[in-house]
Amino acid sequence: MYPTDDQWALFARYQDCPPPLHPRAFLQLWDLDYPQLAQLVGVSRDTVAHWFSTGSGSREVPLAHCRRLATIDFLWRQSDLLPQALLDEWCKLTEDEAS
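Letter by letter, the sequence shown follows residues 558 to 656 in this note's numbering.
Treat the hints as calculated values from the structure; they're not laboratory data. From the three backbone atoms N, C-alpha and C, an ideal C-beta is built for every residue, glycine too. Any given hint could be a false lead.
What the hints assert, rightly or not - The following label-pair restraints were derived from C-beta to C-beta distances:
1. His579 - Asp603: 14 to 24 Å
2. Gly612 - Pro560: 14 to 24 Å
3. Leu644 - Pro592: 18 to 28 Å
4. Arg602 - Leu644: 25 to 35 Å
5. Thr611 - Gln641: 40 to 50 Å
6. Leu639 - Trp565: 37 to 47 Å
7. Val600 - Leu639: 17 to 27 Å
8. Arg602 - Thr561: 41 to 51 Å
9. Asp637 - Gly614: 34 to 44 Å
10. Ser615 - Ala566: 37 to 47 Å
11. Asp562 - Thr611: 11 to 21 Å
12. Thr561 - Thr628: 19 to 29 Å
When you get a sec, could you build the whole thing from the sequences and use the hints?
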């Protein structure tokens, strides 16, 4: 199946979404520690510590991780409004896995 013009337009509109959310901003919104933040983005606690350090040990946070944090923030803030069936479809969960 080839995407329709409307589907291409939808892609163009949302291709840069969600806007990145830096880990520092994420931690201002959510009461988490470095190990929990590391778990959310799939990195080590040491990597997270490097993101917050200054000087030669400092590392830039990859854009993909900032977008993941923005997605998590959105899902957590909107969790009461998002239909479970829609989330299950997004994650390709079967009824057995969703229970």
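Structure versus earlier hints - violations, ascending order:
2, 6 and 11
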